[in-house]
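The listed protein sequences correspond, in order, to chains A and B. Heads up: the first sequence begins at 1 in the working numbering, then just goes up one per residue. Heads up: the second sequence begins at 168 in the working numbering, then just goes up one per residue.
Please keep in mind that the hints were generated in silico from the structure rather than gathered at the bench. The model shown is predicted, which means the values in this text are computed figures rather than measured ones. A portion of the hints provided could be inaccurate.
Unchecked claim - Straight-line distance between alpha carbons at most 27 Å, and here's what the computed DSSO-like set of lysine-lysine pairs gives:
1) A:27 x B:245
2) B:337 x A:39
3) B:328 x A:39
4) A:39 x B:340
5) A:27 x B:332
6) B:329 x A:39
7) B:368 x A:27
Unchecked claim - Restraint ranges, calculated between C-beta atoms of paired labels, are given here:
8) A:58 x B:336: 24 to 32 Å
9) A:50 x B:500: 54 to 62 Å
10) B:515 x A:42: 26 to 34 Å
11) B:332 x A:58: 29 to 37 Å
Idealized CB from N, CA, C, for every residue including glycine.
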Amino acid sequence: MDLFLPESGLVIWMLIAFLIVFFILAKAAWPMIIGGVEKRNAHIADSLLAAEEANNALAGIEQKKQETLAATQAEQLRIMKESQDLKNQVVEEAKLQARQEAEKIVAEARLKIEKEQAEAMAQIKNEVIALSVDIAEKLLQRELSDKQAQNDYIEQLLKDNQPRIEA
Amino acid sequence: MKYVLKHSILFLFLTLLTLTPWQGYAQDSIPAPTEQEAEAFDAKSFIFGHTGDSYCFHITEIKGEPVCVWLPVIAKCKDGGSWHCFSSKHVCELKEGETYEHKGAYFYVSPISADQYPGKLVEVKGDGSLSRPFDISFTKNAFGIFLVCAFMLAFFLPAAKKYKKDPMAKPTKYQGLVEWLTYTVLDGIIRPNIPEKKVKKFAPYLLTVFFFIFFANLFGLIPFFPFSANVTGNLSITIVLALMTFFFVNAFGNKHYWKEIFWPDVPVFLKAFPLMPIIELISAIIKPFALMVRLFANILAGHIVIMVLMGLIFIIGGMYGVGMGGVTSVISIFMTIFMFALELLVAYIQAYVFTILSSLFIGLAQQEPEHE
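Looking at chain A on its own, in the form it has when it is part of the complex (with noise of 0.2 Å):
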C-alpha cells in the first residue's frame, strides 16, 4: 500500500528542517539552557551555604554580643555596689569624724564653762570677802574699842570657814 512508502521528496525536506533545526538548537539553545540552569542551580547552592555560613556567624555575634551584656551588667552591679560600700564607708566616716568634733567641741566647752565657773567663783569668793572685809569695817568702825580683839576672833572665823569658802 502506498501509505507505507516513504516518499523521496517528504523524506528530503524533512532531513533539511530536522538537520538545521537541530544544529541551531544544539548550537545556541540546548547548551545555554542547560549550562544556564547548571550555573544558577550552582549559585543557589553556594548562596545557600554562603547564608548559612552568615547566619551561623550571625548566631555567634549575637552569643557574644549576650555574653558582652552579661558582663557588663554583672561589672555594672560590682561598680554600683563597690560604690554603694564606698558611699556607706564615707557616710560612717563623716559620721565618726562629726561625733569626734562634737564631742570636742562639748568638752571644750564644758572647760570653758568649768574655768568661767572658778572665775566666776573666784571672783564671788573675793566679792564676798571685800563685801565681808566691808561689813567688817563697818562694824568695827562702829567698835572701835577692842578692835585687836576683834580683828584675831574674825580671822578666827575666817579660818574655821576656810574650806566652805573654798568650795
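Once you have looked at the hints, place chain B on chain A.
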C-alpha cells in the same frame, strides 16, 4: 461532574430538537437517498485525504469553492529531465481526465481512490504512459515540518538567549516552562539511560527529537490551518527520525558495542559460523525500524480512528437518512472527544517512547564492559 452531566444532557436535547425539522423536510421534499447518493461519500478518500499528504493545504469550502493555501509543486520530469515548479492550484483543480501543461510537460494529481499513484503528482509522458516524476514538492506535510521547526526555534531560542545573557537572573515564567519541559526530558528520559559523562554529547539530539515529535503530534491534533498536518503519522518523517537514531547509535558506538555485535561472548562455533553476528546485525537494524513503525502507526491510527468516527456520521447518514446521521453525530462527537483526549495522551507517550528507546539504544552503545 454535575456541571458536565447537565451540559451533556442539554447538548443532547438541543441536538435532537434540531433534528426533527430536518427529518420532516427530508421526508417531505427530498426523495429518500438513493444508492448513488449513499455512495457519494467516499470514506476512503475522506480518511486518507485527511491523514495523508497533499499538494495543497485545504482550509475550508465557501459556497462550494475550496479555500486552500496553494503550496508549490517542485518536480523533475522523468521524460527529458527538466525541472518544473508551479503552484499546486493548477493540478489540484483539474477535472478528471484533464492534465496541466507546464513547459512542455503534462501533469495531473491522481485521485486518492486511484489504483496507481493515489494522491500523487503524475507525469504524462510523450507516448501517453504515466510515471512518477522526481517529486520534491513542498507539500502539506513539508509545511507542517517547517511549522514545527519554526515553532521550536521560536520557543527555545529566546530562552537560550536569556540564559546566555544572565544565567543568575530570576527566571521568567516562560523560562520556567522551557526549563520544566527540558528537564522533564533530560532528567526523566536521557539521564537514566546514558552514562553521565556522555549526557552533554547526546542530550541535544534527544531533546530535539523529543520536542519535534511532541510538537508535531500536538500540531497534528489541532484541526485547522496552519496546523492539522499529519506529520508524525507519515512514514517519510519517521524514517528520517529513525535513521537519525540509527546514526547516533552506531556512529558513536564504542569498541565494546561493536565487539558485542561481531564477537559476542558465546561459544566460538556460534560466531565462527557467523550466526550470532548476523542476528546482532539484524537486531541493530530492527531497533530503529521498530521505532519508525511504532511512531508512524500509533499516530496514523489515532488520526484514522478520529476520521472514521467523523466519517461514520456521513456513512450512516447516507445509508439510513439524515435523521440517523444526526443521531450518529451525537455518539460520534462523544467518541471523537474521547479519541482526542486519548490522542493528547498518545502525543506525549509516543514522543516519550521514541526518545526513551533512542536514549536506551544510544546508552547501550556507550556502555563500558563490566569489570570482572
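How the hints compare with the structure:
At most 27 Å may separate the alpha-carbon atoms for a hinted pair to count; residue 27 of chain A and residue 245 of chain B exceed this at roughly 40 Å. Among the hinted pairs, residue 337 of chain B with residue 39 of chain A is consistent with the structure: their alpha-carbon atoms are about 13 Å apart, no more than 27 Å. For a cut-off of 27 Å, the pair hint linking residue 328 of chain B to residue 39 of chain A stands: about 15 Å separates their Cα positions. With a C-alpha separation of about 18 Å, the suggested pairing of residue 39 of chain A with residue 340 of chain B holds against the 27 Å cut-off.
At most 27 Å may separate the alpha-carbon atoms for a hinted pair to count; residue 27 of chain A and residue 332 of chain B meet this at roughly 16 Å. Among the hinted pairs, residue 329 of chain B with residue 39 of chain A is consistent with the structure: their alpha-carbon atoms are about 13 Å apart, no more than 27 Å. Straight-line distance between C-alpha atoms of residue 368 of chain B and residue 27 of chain A comes to about 12 Å, which keeps the hinted pair within the 27 Å bound. For residue 58 of chain A paired with residue 336 of chain B, a C-beta distance near 27 Å keeps the hint of 24 to 32 Å intact.
In this structure the supplied range 54 to 62 Å holds for residue 50 of chain A paired with residue 500 of chain B, their Cβ-Cβ distance being about 60 Å. At about 31 Å, the CB distance of residue 515 of chain B to residue 42 of chain A agrees with the hint of 26 to 34 Å. The given range of 29 to 37 Å is respected by residue 332 of chain B and residue 58 of chain A, whose C-beta atoms sit roughly 34 Å from each other.
Consistency note: the structure conflicts with earlier hint 1 alone.
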